[in-house]
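Based on the provided sequences and hints, a complete structural model is requested.
Number of protein chains: 2
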Amino acid sequence: MSEIAEIAKRAKEASRTVGVLSTAVKDAALASMAEALEGNVEKILAANDRDMEAARAKDIGESLLDRLMLDEARIQAMAGAVREVISLPDPVGEVTSGQRLPNGLEVRQVRVPLGVIGVIYEARPNVTVDATALALKSGNAIILRGGSLALHSNLALSHIISDAAIEAGVPPHSIQAIETTDRASVNALMQLDQYVDLFVPRGGPDLIKAVVENATVPVLWAGAGNCHVYVHDDADFDMAEEIVINAKVQRPSVCNAAETLLVHRDVEQTLLPRLVSSLQAHGVTVVGDETVSRLSDVAPATEEDWYTEFLDLKIAVKVVDTLDEAITHINHYGTLHSEAIITNDYNSGRRFVNEVDSAAVYINASTRFTDGGELGLGAEVGISTQKLHARGPMGLRSLTSQKYIIQGSGQAR
Amino acid sequence: MSEIAEIAKRAKEASRTVGVLSTAVKDAALASMAEALEGNVEKILAANDRDMEAARAKDIGESLLDRLMLDEARIQAMAGAVREVISLPDPVGEVTSGQRLPNGLEVRQVRVPLGVIGVIYEARPNVTVDATALALKSGNAIILRGGSLALHSNLALSHIISDAAIEAGVPPHSIQAIETTDRASVNALMQLDQYVDLFVPRGGPDLIKAVVENATVPVLWAGAGNCHVYVHDDADFDMAEEIVINAKVQRPSVCNAAETLLVHRDVEQTLLPRLVSSLQAHGVTVVGDETVSRLSDVAPATEEDWYTEFLDLKIAVKVVDTLDEAITHINHYGTLHSEAIITNDYNSGRRFVNEVDSAAVYINASTRFTDGGELGLGAEVGISTQKLHARGPMGLRSLTSQKYIIQGSGQAR
Numbered sequence: 108m109s110e111i112a113e114i115a116k117r118a119k120e121a122s123r124t125v126g127v128l129s130t131a132v133k134d135a136a137l138a139s140m141a142e143a144l145e146g147n148v149e150k151i152l153a154a155n156d157r158d159m160e161a162a163r164a165k166d167i168g169e170s171l172l173d174r175l176m177l178d179e180a181r182i183q184a185m186a187g188a189v190r191e192v193i194s195l196p197d198p199v200g201e202v203t204s205g206q207r208l209p210n211g212l213e214v215r216q217v218r219v220p221l222g223v224i225g226v227i228y229e230a231r232p233n234v235t236v237d238a239t240a241l242a243l244k245s246g247n248a249i250i251l252r253g254g255s256l257a258l259h260s261n262l263a264l265s266h267i268i269s270d271a272a273i274e275a276g277v278p279p280h281s282i283q284a285i286e287t288t289d290r291a292s293v294n295a296l297m298q299l300d301q302y303v304d305l306f307v308p309r310g311g312p313d314l315i316k317a318v319v320e321n322a323t324v325p326v327l328w329a330g331a332g333n334c335h336v337y338v339h340d341d342a343d344f345d346m347a348e349e350i351v352i353n354a355k356v357q358r359p360s361v362c363n364a365a366e367t368l369l370v371h372r373d374v375e376q377t378l379l380p381r382l383v384s385s386l387q388a389h390g391v392t393v394v395g396d397e398t399v400s401r402l403s404d405v406a407p408a409t410e411e412d413w414y415t416e417f418l419d420l421k422i423a424v425k426v427v428d429t430l431d432e433a434i435t436h437i438n439h440y441g442t443l444h445s446e447a448i449i450t451n452d453y454n455s456g457r458r459f460v461n462e463v464d465s466a467a468v469y470i471n472a473s474t475r476f477t478d479g480g481e482l483g484l485g486a487e488v489g490i491s492t493q494k495l496h497a498r499g500p501m502g503l504r505s506l507t508s509q510k511y512i513i514q515g516s517g518q519a520r
Numbered sequence: 108m109s110e111i112a113e114i115a116k117r118a119k120e121a122s123r124t125v126g127v128l129s130t131a132v133k134d135a136a137l138a139s140m141a142e143a144l145e146g147n148v149e150k151i152l153a154a155n156d157r158d159m160e161a162a163r164a165k166d167i168g169e170s171l172l173d174r175l176m177l178d179e180a181r182i183q184a185m186a187g188a189v190r191e192v193i194s195l196p197d198p199v200g201e202v203t204s205g206q207r208l209p210n211g212l213e214v215r216q217v218r219v220p221l222g223v224i225g226v227i228y229e230a231r232p233n234v235t236v237d238a239t240a241l242a243l244k245s246g247n248a249i250i251l252r253g254g255s256l257a258l259h260s261n262l263a264l265s266h267i268i269s270d271a272a273i274e275a276g277v278p279p280h281s282i283q284a285i286e287t288t289d290r291a292s293v294n295a296l297m298q299l300d301q302y303v304d305l306f307v308p309r310g311g312p313d314l315i316k317a318v319v320e321n322a323t324v325p326v327l328w329a330g331a332g333n334c335h336v337y338v339h340d341d342a343d344f345d346m347a348e349e350i351v352i353n354a355k356v357q358r359p360s361v362c363n364a365a366e367t368l369l370v371h372r373d374v375e376q377t378l379l380p381r382l383v384s385s386l387q388a389h390g391v392t393v394v395g396d397e398t399v400s401r402l403s404d405v406a407p408a409t410e411e412d413w414y415t416e417f418l419d420l421k422i423a424v425k426v427v428d429t430l431d432e433a434i435t436h437i438n439h440y441g442t443l444h445s446e447a448i449i450t451n452d453y454n455s456g457r458r459f460v461n462e463v464d465s466a467a468v469y470i471n472a473s474t475r476f477t478d479g480g481e482l483g484l485g486a487e488v489g490i491s492t493q494k495l496h497a498r499g500p501m502g503l504r505s506l507t508s509q510k511y512i513i514q515g516s517g518q519a520r
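Taken in sequence, the protein lines are chains A and B.
Whatever position you read off the first sequence (first residue = 1), add 107 for the numbering used here.
Whatever position you read off the second sequence (first residue = 1), add 107 for the numbering used here.
Be aware that a few hints might be false.
Derived DSS-like pairs (lysine-lysine); straight-line CA-CA distance at most 30 Å [claimed, not checked]:
1) B:Lys316 <-> B:Lys165
2) A:Lys316 <-> A:Lys150
3) A:Lys316 <-> B:Lys165
4) A:Lys116 <-> B:Lys316
Partial list, derived from the structure: chain A residues whose beta carbon lies under 7 Å from chain B [as the list claims (entries may be wrong)]:
5) Arg163
6) His259
7) Gly485
Simulated restraints on C-beta separations [to be verified]:
8) B:Ala112 <-> A:Glu113: 40 to 46 Å
9) A:Thr203 <-> B:Ala112: 37 to 43 Å
10) B:Tyr453 <-> A:Glu113: 36 to 42 Å
11) A:Glu213 <-> B:Arg372: 27 to 33 Å
12) A:Glu274 <-> B:Ser204: 32 to 38 Å
13) A:Thr429 <-> B:Gly276: 21 to 27 Å
Derived from the structure by calculation, the hints contain no laboratory data.
Quick caveat: nothing in here was measured; it's all calculated off a predicted structure.
Where a beta carbon is used, it is the ideal one built from N, C-alpha and C, also for glycine.
Structure below.
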């Protein structure tokens with residue numbers, strides 16, 4: 108048996124015990140993990156220094172270095188994130204439906220842990236802690252496989268939180284980090300479907316594509332967000348401007364930021380120039396269709412632009428003749444993440460939310476609210492843009508399955 | 108674009124309209140489909156005759172011939188199954204959670220169709236009708252790819268129900284059957300993730316394995332049922348016998364029938380011989396561990412036997428020393444389908460249902476109740492032995508996703 112298979116087998120065995128831990132034990136372990144992070148700041152920073160030094164030598168660019176970098180504040184934030192998970196309700200044991208059948212059988216559907224969760228991620232070491240806290244609270248064992256850049260940071264973090272958890276009563280091997288960062292370890296892990304119940308790739312489209320194509324373990328992924336705001340002909344001008352600016356500008360690097368603005372033809376002369384000027388005044392590069400690119404400083408959009416998640420202060424703007432054209436454009440070019448309509452018309456809003464096929468659809472609000480914290484789910488595993496099992500922000504419940512528990516008094520068919 | 112891709116693209120386009128059809132239109136279409144089946148008995152039987160003739164020439168065996176064969180009663184039963192789907196509640200539009208956030212945003216999670224469902228199946232032509240009725244009621248377009256043996260029957264059925272649905276207002280291309288039955292068409296379909304939202308393989312372990320290994324489209328499968336009955340030391344003898352016999356004998360060919368019986372060591376001298384004799388009296392071949400095989404007419408069980416879904420009048424019997432040994436055996440050899448404990452001890456029952464990792468766990472009842480109809484879900488897509496999205500009997504809800512609908516009055520972050 109390969110080393111990765113041994114790790115997965117041990118995780119499966121541990122998962123039997125993790126799955127039946129009481130909420131009190133899990134919460135106490137989470138509290139110990141948070142304390143252990145705060146008590147080992149120097150050790151964590153020393154490990155991170157090794158990663159940072161190696162990364163600087165590789166000339167990987169400032170933004171990646173920033174993702175990799177830990178300091179005392181960031182370690183505090185990790186501990187804080189663990190404590191936030193303590194405050195969330197335990198999803199295990201939640202009864203989601205139940206009835207007594209005519210034959211007297213008492214049937215309940217109950218949330219249970221999935222078992223073993225494998226997480227692959229890239230540069231950010233905080234994922235080690237976030238993912239572990241969510242897995243533990245939902246009663247799962249976790250296998251962590253971080254990127255090579257953050258190897259020493261990830262191993263230091265996982266050992267510290269694993270030791271703290273074990274001391275608090277969590278079985279050994281519930282939290283394991285894979286120490287090899289070659290591609291083979293990922294490929295092995297995603298095909299160990301006899302031991303691993305869920306695979307979560309956290310990373311760019313290439314990672315997700317490789318996992319979807321090769322995994323035999325079921326996968327939950329958080330894909331790209333090519334989000335749209337559509338301004339209908341009767342929109343309130345001030346509201347439209349505020350939402351468009353918020354959706355594009357407030358934090359352009361995140362998946363729920365807007366990437367394309369659609370504006371109805373009837374307000375082409377009035378609202379469109381105002382929205383474009385306002386975006387430009389906020390530092391946004393605007394590209395547009397034939398109509399929009401007649402405005403000053405607007406370059407023509409390429410076909411590729413309509414598909415692109417810019418993750419930057421850039422937006423593609425298109426004029427549409429009808430609500431139908433807007434819906435068709437979104438369903439064609441979008442990534443099923445988050446889309447908003449700005450309108451005062453009852454039927455247009457209703458049709459938009461029913462016919463746009465995305466995880467979150469908005470009337471008169473910014474797409475930026477698609478977030479576990481904002482929607483009251485608490486910490487999230489990611490925002491799912493797939494349709495099976497979990498769609499939109501994935502909270503603790505997305506790390507659970509369900510089981511039928513059926514109690515009888517001798518019933519047979 | 109390949110022919111299969113064209114079919115999938117047309118299905119995706121049709122799914123936009125199917126997804127927003129009213130329940131009344133869908134139910135009227137289902138009623139027309141049922142009538143069309145009854146009105147075209149001769150046409151269906153003629154097509155089935157061609158399949159039966161070709162199948163007989165291939166010498167495929169009586170049991171497969173029986174699965175393939177249609178007669179007037181079976182066509183009536185298909186129409187009846189369609190009418191049963193009419194009586195089930197429409198899952199689309201169900202609000203599964205909702206709240207008003209402090210910022211005034213009104214948030215709802217609403218069930219929506221998945222979009223396009225691809226179903227692969229083997230000899231039984233009734234799957235063409237059952238799967239289509241469930242897909243339509245849940246607002247999905249469907250692509251059917253049946254086995255080569257049933258090709259003419261499947262095409263006749265799919266054309267008849269598709270024409271009836273279109274006449275009743277369902278958009279064309281909502282119900283399509285693939286007319287080629289080579290392996291390439293299956294492989295192409297399971298990788299068209301840009302058009303197909305869910306893939307359902309209905310067939311043997313080899314088909315499911317091939318799909319799990321090669322599909323990029325998310326998959327829901329109904330796996331094997333290696334179900335266990337565990338008789339604890341304090342079980343009521345009469346109840347134990349009745350449940351064991353029912354679970355094994357009432358319909359041995361189905362996935363929720365028992366395949367292994369575990370009996371506590373303390374009743375080895377008393378209850379065990381009675382259970383084995385009763386099974387044998389019902390025509391069941393008993394194999395067993397060292398203790399059990401000392402009884403008359405019991406052959407020693409092989410290691411393979413503990414893994415086997417016999418689907419026949421055969422059972423493997425083992426004596427265990429403790430509840431823990433029973434739970435460990437089931438979690439090791441089982442297929443996560445259905446398992447029962449017979450006991451009067453509160454804590455043993457509680458531990459069994461919590462620690463056995465199966466879709467359905469029973470106290471003092473037969474495993475045979477794991478069934479959509481028995482559990483009040485109505486018609487089912489199959490019984491899922493995986494943990495993501497749907498576990499246990501998969502009803503109409505398993506063919507839906509969810510969407511966040513968020514209504515505001517200008518909210519921005």
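Checking against the hints above, which ones are violated? 2, 3, 5, 6 and 7
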